[in-house]
Amino acid sequence: MSAQEAMETSEHTKEAASENRKIALLIAVIALCLALSETLGKGAQTESITKNVEASNLWAFFQAKTIRRTVVQTAAEQAKLGLGATGDDAAKAAVQKQIDDWQKTAARYRSEPETGEGTEQLSERAKHAEEDQELSTAKYHHFELASAAFQIGIVLASATIITGMIALAWISGLLTLVGITFTALGIFVPHLLNLP
1 MSAQEAMETS EHTKEAASEN RKIALLIAVI ALCLALSETL GKGAQTESIT
51 KNVEASNLWA FFQAKTIRRT VVQTAAEQAK LGLGATGDDA AKAAVQKQID
101 DWQKTAARYR SEPETGEGTE QLSERAKHAE EDQELSTAKY HHFELASAAF
151 QIGIVLASAT IITGMIALAW ISGLLTLVGI TFTALGIFVP HLLNLP
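Read in order, the letters of the sequence shown correspond to residues 1 to 196 in my numbering.
Any given hint could be a false lead.
Said to hold, decoys possible - Within a straight-line C-alpha distance of at most 30 Å, the following computed DSSO-like cross-link-like pairs (lysine-lysine) qualify:
| id | residue 1 | residue 2 |
| --- | --- | --- |
| 1 | K80 | K92 |
| 2 | K104 | K127 |
| 3 | K92 | K104 |
| 4 | K42 | K14 |
| 5 | K51 | K127 |
| 6 | K42 | K127 |
| 7 | K80 | K42 |
It should be emphasised that the hints constitute simulated quantities derived from the structure, not laboratory data. Being a predicted model, the structure only gives us computed values, none of them experimental.
Given only the sequences and the hints, what does the whole structure look like? Please build it.
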């Protein structure tokens, strides 16, 4: 091999090493973005599950209060029907007092703002938990798409090193931008795109 050929080979090797370092840096940046989107996605997924359980619990509590209220109202109505059959004034007064207590209890089961455990308040809390769950799920879907874009970007950047096809690095860079976009959408406006 001549000195000229050795010098050209050396320069070509240096150039390839420089390109490989750039691709390695690209892969490192994409991996960092992937780690971020995965962490955000896991957090959103956990929040979604938590809010789903919270909403389910609140709706179950709502149903239990509704059943209790219905039972108490039914008892009061039945007692009203039997009130006329009682001849004793003391017995009538006792039955009327019980009817009044049941009606107060039924009203408390419907609305109990001080504890937030009336059916009206439980319904509002459950709806709010459902909205939070939907928001977290929307975020999660965006972060998952971002993660997919980052993963494909890493694969293509790695393939660039093996094949030497710079076009794969450019596609990898574009996928990184797509991933960053989906991550930003997930953080700031998760309902902008209606993802499944």
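Verification of the supplied hints:
Under the criterion of a C-alpha separation no larger than 30 Å, the hint pairing K80 with K92 is consistent with the structure, at around 10 Å. For the hint linking K104 to K127, the alpha-carbon distance of about 26 Å falls within 30 Å, and the restraint holds. Among the hinted pairs, K92 with K104 is consistent with the structure: their alpha-carbon atoms are about 18 Å apart, no more than 30 Å. Between K42 and K14 the alpha-carbon distance is near 42 Å, which puts this suggested pair outside the 30 Å criterion.
Between K51 and K127, the direct Cα distance comes to roughly 10 Å. Compliance with the 30 Å bound is thereby established for this hinted pair. Restraint check for K42 and K127: satisfied, since their Cα atoms lie roughly 23 Å apart, inside the 30 Å limit. Our distance criterion of 30 Å between C-alpha atoms is broken by K80 and K42, whose separation comes to about 57 Å.
Of the hints listed earlier, those the structure fails to meet are numbers 4, 7, in rising order.
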